[in-house]
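Keeping their order, the protein sequence lines are chains A and B. Position one of the first sequence corresponds to residue 1 (UniProt numbering), numbered consecutively onward. Position one of the second sequence corresponds to residue 1 (UniProt numbering), numbered consecutively onward.
No incorrect hints appear here.
With a Cα cut of at most 25 Å, we get these calculated SDA-like pairs of lysine to any residue:
| no. | chain 1 | residue 1 | chain 2 | residue 2 |
| --- | --- | --- | --- | --- |
| 1 | A | Lys170 | B | Gln146 |
| 2 | A | Lys162 | B | Gln146 |
| 3 | A | Lys164 | B | Gln146 |
| 4 | A | Lys194 | B | Gly170 |
| 5 | A | Lys174 | A | Arg150 |
| 6 | A | Lys194 | B | Asn225 |
FYI, nobody ran anything at the bench for these hints, they're computed from the structure.
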Amino acid sequence: MAQVIVVTSGKGGVGKTTSSAAIATGLAQRGKKTVVIDFDVGLRNLDLIMGVERRVVFDIVNVIQGEAKLQQALVKDKRVDGLAILPASQTRDKDALTREGVATIIEELSKDFDYILCDSPAGIEKGALLALYFADQAIVVTNPEVSSVRDSDRILGVLQSKSKRAEEKKEPVKQHLLLTRYDPARVERGEMLKLDDVLEILAIPLLGVIPESESVLKASNSGNPVIMDSDSTAGQAYSDAVGRFLGDDRPHRFLEAPKKPGLFGRLFGGGRAA
Amino acid sequence: MTADARPAAPPSEAFRLRASNYSLLTLRLLSARPEEVLPALGDQFRRAPGFLRFAPIAIGLDDLDGQEVDFAALVSGLRKLEILPIGVVGGPQTLRAAAAGAGLPTLRSAGQKETEIEAPAPVAAPPAAPEEAPRPAAARTLLVEQNVRAGQRIYAQGADLIVMGTVNAGAEVLADGHIHIYGTLRGRAVAGANEDPEARIFVQNFDPELVAIAGFYAVREGLQNASIGRTVAVRLEGEQLRFEPLG
Ligand SMILES: Nc1ncnc2c1ncn2[C@@H]1O[C@H](COP(=O)(O)OP(=O)(O)OP(=O)(O)O)[C@@H](O)[C@H]1O
Ligand SMILES: [Mg+2]
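The following block holds chain A by itself, in its conformation from the complex:
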């Protein structure tokens, strides 16, 4: 049986889609057959970040409405074996997704894949509820700021009460915290919440801390998930997170701001010519 993982946050724009693309790619790189589903019907971002937008023919709504077979709608990744994307529709409205339809899709995907990642839309309304409903595990994406933490807290409550596992009184959804866009320099200046503060409020295990990094924007513009950029700090942090998810023991990195060169460094550091 495949594990269903929802990538969710409550608040919008915190890095769910970036993280879904990176983690799905990372899992496939580690030999796990992985499919990532875009639940953000009407916006459709995941295929862009995964760089497959030119190969999308059918989408999840077509499958649910019986206009296409699931196998026709799945887009296989050309870079990594065993990775597939099920895109969202850009033209249909959100109500086209039904719980029964999604249940059928997940059941069918379960036969072929080890991991099914669900990239949730923002909010705690219908679309987000549907994305988390079937989850066995949840990756809660949070930025180090008060409103994002509050919304993540809400989503954790919703996972506790509105997921299928909760409704059927099964073992609760396993929760992971992914703190993204962490900028240690701004944390030190008190402009952002510290990792410890976020952990104290949300009180769930930490999967990873992804630093703020320009390579993320470059990666999404070029359609290569940032985890493929192994020179970037964000890419390395995502690799660590995937490793931890699979049980590796990896220390957390990128929690401290790089040290500014001291006086000597500045005087003799081969800097700019005067």
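The hints should help you fit chain B with the ligands onto chain A, whose structure is shown.
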């Protein structure tokens, strides 16, 4: 330490209008006939004397299938039982109009319906429905083992409440009896929700948005910093909330 529970308006002002939300008991009529409803209510009173005495209530009309109600008879019967109906909720327009004729305006519920209140799944006891036999406050205890998260609201009706975890900012816990919180209180805690001034709130780590006992409240701004971050017991003395460090 005290906090002004209800700051008085400056004398130059004669009044202030404010929108407020109150928690009300709803008497959902399952019968349209006062001659059936009133004796049944009277029976429950003898079992739990004083519970509803002078309590303001709303009358719920959703379950009546539009049958006509003699509101005048109902109101005078309720008053004799020392229950004070202040309005009606739900039901068809015709019924609400009849109620308005008897001096019962239509109340709109501010937030969600009771059935939509989110509670963490493992919490076994759902809030008891108001039409169940009223119990004296704190006859039972509702135990919540996990954290109460933003957006969640837990009401221990007719009971004490014990939260073993933390009540986060944006979450709200209410009890008709006492409240004990063994983690941090960052959200709201309302004890003695059924107007019981004897109810208290005990908090391991005190950092609340709001605390209230029997309708007397203090918001964070009105709290003295001395009690923040400490283990605190809150009780009502007259009309003042008192915050006493424990341990
Ligand atoms: N670690 C990071 N460093 C810098 N920028 C980042 C990082 N993570 C995400 N971003 C940027 O934040 C923006 C939002 O990211 P993304 O689309 O992944 O968020 P989302 O949570 O999926 O948004 P939505 O709620 O709209 O679906 C993008 O512009 C992305 O490039
Ligand atoms: Mg997104």
